Amino acid sequence: MKTPQLLWTPTFAFWWRDVIRFLRQRNRIIGALATPLVFWLLVGSGFGPSFRNPGASAHAGSYLVYFFPGTLVLIMLFTAIFSTISIIEDRREGFLQGALVAPLSPAAIPLGKFLGGTTLAVLQAALFCVLAPLAGMPIGLHQIALLLPALILVGFSMTGLGFLVAWPMDSTQGFHAIMNIFLMPLWMMSGALFPMPAGTGWLYWVGKLNPVSYGVTAIRSAFDTNHGIVPPDYLPALGVTALFGALTFAISVSLVAKRSRRS
Amino acid sequence: MSDTAYSNAIIAIDLKKSFGERRALDGISLEVKRGELFCLLGPNGGGKSTLFRILATLSLPDSGEASIAGHDVLHDASAVRARLGVVFQSPSLDGKLTILENLRCGGALYGLGGSELKTRIAEAAKALNLTDRLNDLVETLSGGLQRRAEIAKCLLIRPEVLLLDEPSTGLDPGARIDLWAALEALRNQHGVTVLCTTHLMEEAARADRVGIISTGKLVALGSPDELTGAIGGDVLSLGAAKETGPDILSKLITERLGIPATIVEGEVRIESREAYALAARLAGEFPTEIISLRIARPTLEDVFIARTGRLFSDQDLDPDAKPAKKKH
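Protein chains in written order, with numbering that gives the first Met the number 0: chain P, 0 to 262; chain V, 0 to 327.
Honestly, the hints are just simulated from the structure, not real lab data.
Given the structure is predicted, the values throughout are model-derived calculations rather than measurements.
A portion of the hints provided could be inaccurate.
[To be verified] Here are the computed distance ranges between Cβ atoms for each label pair:
1) V:Thr139 / P:Leu40: 23 to 29 Å
2) V:Leu99 / P:Ala197: 56 to 62 Å
3) V:Lys250 / P:Glu92: 46 to 52 Å
[What the hints assert, rightly or not] To spell it out: a stretch of chain V is covered by chain P in this simulated footprint if at least three of its residues, at any positions, have a beta carbon under 8 Å from a beta carbon of chain P; those stretches are:
4) 83 to 94
5) 183 to 194
6) 216 to 227
7) 260 to 268
Idealized CB from N, CA, C, for every residue including glycine.
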């Protein structure tokens, strides 16, 4: 008879450890929050005068407003990257070594890391949201109700992306390379930085096929006060983001199960 | 947790593993008795880490079998993991957490929580003399304390078998002594079977039994006394004069006295049951050729040399791993 494998208590341990570690490392909080904040202010102010959103009316708001949801996604992407990149070192010389010889379900490590990453990403994003009224985007209960599920699902799928990149890696240098040639372009081509064009051009398809686009859209429509209680774009975008998160989770579990005794 | 009757806590049968062309394990078989303190001694790159990873359920062999505490390592890893404590060479504690937090997380990995975990943490902290340090951040602790905290984490699950990979790496001599005292206490008081890998002779000499591993093969197995006792008497090491050189000196000795002599690290080496009489004779025969002469009881290093024909440090890639005797 095979011995049962543990899931929930180890998952809780991973989650709790990620949160405590994060709170004890102030520089990480600042790194994940300050970089996008500076980016938002500089890029937002610089592009502002020349920015025209083709789909919106002339007074739809400044570029700072347009760029706000994209910055939120960037904050979550950075937070997710910081919390998953540690897997690489941790597995070779750190806490994860011990986890690999414990009788765990293959879902325990991914679930703990995903939930930990999601918690941190949502916390960071929520801190940034405090600035929304300054950018002319009022946040009421209505926005919070729409925003929270979107932030949670985006945080989950961003952590998922980070996990998928980090788990097979042997060095953090490799992770940085993937971050620059894959994760950042994924964010740039998501409508975060500029509206993805309509029509049939390649940019249109890149936007359509890019899972991050749906996260940006879900967050953007959560701030939309002009299209009823639940804006029409919101639920479909949320659904695709949830599916994408579930997919990254399923692949992560199978990677962990496969890797357990590879070398 | 002991639900299986077994007399050998660790069994390995004909384990083989290659990495590409390199054969890391070349058919290793060994048995470690229940409650034994066993040392796997070998130079770095000799295969002991590969064997350690297989026994720790982190790696699969190409062929062969292994069991720990009566459970199949290859096919029932979860059962083995539930009974096995593993201390890695590199730390597996989180430096940003306190010892207590690390122990809580470590226990949670094995499904422990609540008052049961609390009791076990108190027990493990007491066994390793950490009770006063539980609230210290791990990154602020000395290497010796960190290693003890690692072992405490392993004890939470009340393991039947404890595997340690080079546990004294990076520890100062005082901390090494403490560590060994802790391991011996574990074995004596809790009946834990301990297998530890090392490249330090003096460490291996403290074990109940030693397995010497070189180029993927087990070249010697027995208690330290048995192994050193099997060497023919004492060991004479001769330094040759510059003009003569060790090659010529060893040839001369073999020709004139009919005694086999080997050259190890620039010294001529002879094993003899009558080392003192032979020393006097050598000094008389070769007054100018020999410039230094040393007689010593055989050590595990001599066992290694006798069994492999090589110096222990020849295979060493790790500069920290050089035995103290090495000279240039």
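Here is what the structure says about each hint:
Distance hint check: the CB atoms of Thr139 of chain V and Leu40 of chain P are about 38 Å apart, inconsistent with the given range 23 to 29 Å. Distance hint for Leu99 of chain V and Ala197 of chain P: a CB-CB separation of about 57 Å, consistent with the stated range 56 to 62 Å. At roughly 49 Å, the beta carbons of Lys250 of chain V and Glu92 of chain P sit within the given window of 46 to 52 Å. Only when three residues or more bring their CB closer than 8 Å to a CB of chain P does the claim for the segment 83 to 94 of chain V stand; here the count is 8, and the claim holds.
Evaluation of the coverage hint for the segment 183 to 194 of chain V: breached, as 0 residues show C-beta separations to chain P shorter than 8 Å, against a requirement of three. Counting residues of the segment 216 to 227 of chain V whose beta-carbon sits less than 8 Å from any beta-carbon of chain P gives 0, not enough to reach three: the coverage restraint is violated. Only when three residues or more bring their CB closer than 8 Å to a CB of chain P does the claim for the segment 260 to 268 of chain V stand; here the count is 0, and the claim is violated.
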